[in-house]
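Visitor: Positions 1 to 294 (the UniProt record's numbering) are the ones given, in order, by the sequence shown.
Watch out, some of these pointers could steer you wrong.
When the alpha-carbon atoms are kept at most 25 angstroms apart in a straight line, the in silico BS3-like pairs for lysine-lysine are as follows [what the hints assert, rightly or not]:
#1 K203 / K120
#2 K203 / K229
#3 K21 / K33
#4 K229 / K196
#5 K21 / K120
#6 K21 / K203
#7 K229 / K92
#8 K120 / K196
#9 K92 / K120
#10 K121 / K33
#11 K21 / K121
#12 K33 / K120
Hints are computed from structural coordinates only; laboratory data are not their basis.
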Amino acid sequence: MADAPPVVQLHHPADSRFSLKFITDERTDRIRKARTLTENPDIEVAVREETVDGDRLYLLYTKTRFDAAYQSFETTAEVLEWLNEHFSDTDKQILFIVIDAFDGIISETEDADGTFSTYKKMDLEAIPAILNSVEWRQSVPEVGAELLSQFILTHPMPNTNHRTGLSLLDRYLASYDPGATLPATGEDGQWYDWIKGYIYDSKRLLTLRTNFQLLYWARQYGYEAAERKEGIRIELSSIDLERSDPWDYYADRHLDLTREFIVSTVLEQVGAPQLCERTDDGKRAFADRLRAAR
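Start from the sequences, fold in the hints, and give me the full structure.
Guide: So this is what it looks like as structure tokens:
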């Protein structure tokens with residue numbers, strides 16, 4: 001029986017909270033890189049070694065410490081100062097929706113010890129840039145697609161970015177049609193069954209975009225495939241690893257995927273295909289509707 005093709009694990013097999021950051025066939029390079037990474041007190045490092053095509057390879061994985069993933073404020077005045085410094089009144093209304101959605105997801109997914117898995121630092125300051133990247137006043141599905149796609153690609157939360165982004169999309173669509181709401185994430189046979197395909201494809205494109213150079217080196221070191229913790233597998237021979245524009249290319253593919261998902265799946269499933277004919281009335285109007293609903 002032929003040996004199975006070598007697959008690089010993009011998350012540490014013993015602790016999936018750790019993501020692959022570095023591959024080398026030189027042990028001294030691994031030691032030097034690990035030393036550099038551990039200079040950041042917010043980062044934890046895990047190591048692995050394995051043999052591919054007879055060569056010993058050294059892999060480094062990292063994760064953000066739980067306590068370092070969130071911003072810390074001493075007083076309410078500090079919170080208000082931070083909000084006023086980074087967010088306009090319009091952006092604050094949308095930020096509050098994001099935070100509410102994230103808090104709700106945390107309460108559903110906390111570990112048995114009451115903690116929550118974190119993979120990176122929360123970056124709420126990125127929310128205004130996400131909102132400004134959207135071309136408002138297009139058709140509602142187009143604006144919704146840009147909003148969801150940019151949220152996922154920017155990944156401002158320490159975890160659950162897809163679910164948080166989908167909650168934001170839900171509030172956006174419902175602001176035009178109160179009946180256009182996505183099922184709750186825990187509803188069997190609904191939310192997961194018709195959203196899982198989009199999430200799978202989205203995470204694959206996100207991986208290609210953010211780990212393109214790492215995948216290139218994985219291929220150079222003899223790996224034939226890469227696999228995420230969810231079982232999402234990328235055959236490296238099927239990817240043009242010489243591409244010079246992966247950041248933009250895969251962002252465009254992700255937006256295409258999201259457009260198709262919203263039009264062919266979301267609006268059909270929630271019974272609101274008429275929103276395809278509706279024109280968005282701008283970010284401020286969306287924020288005003290959110291404010292009125294609070």
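Visitor: Out of the numbered hints, which ones does the structure contradict?
Guide: Result: hint 7 breaks, nothing else.
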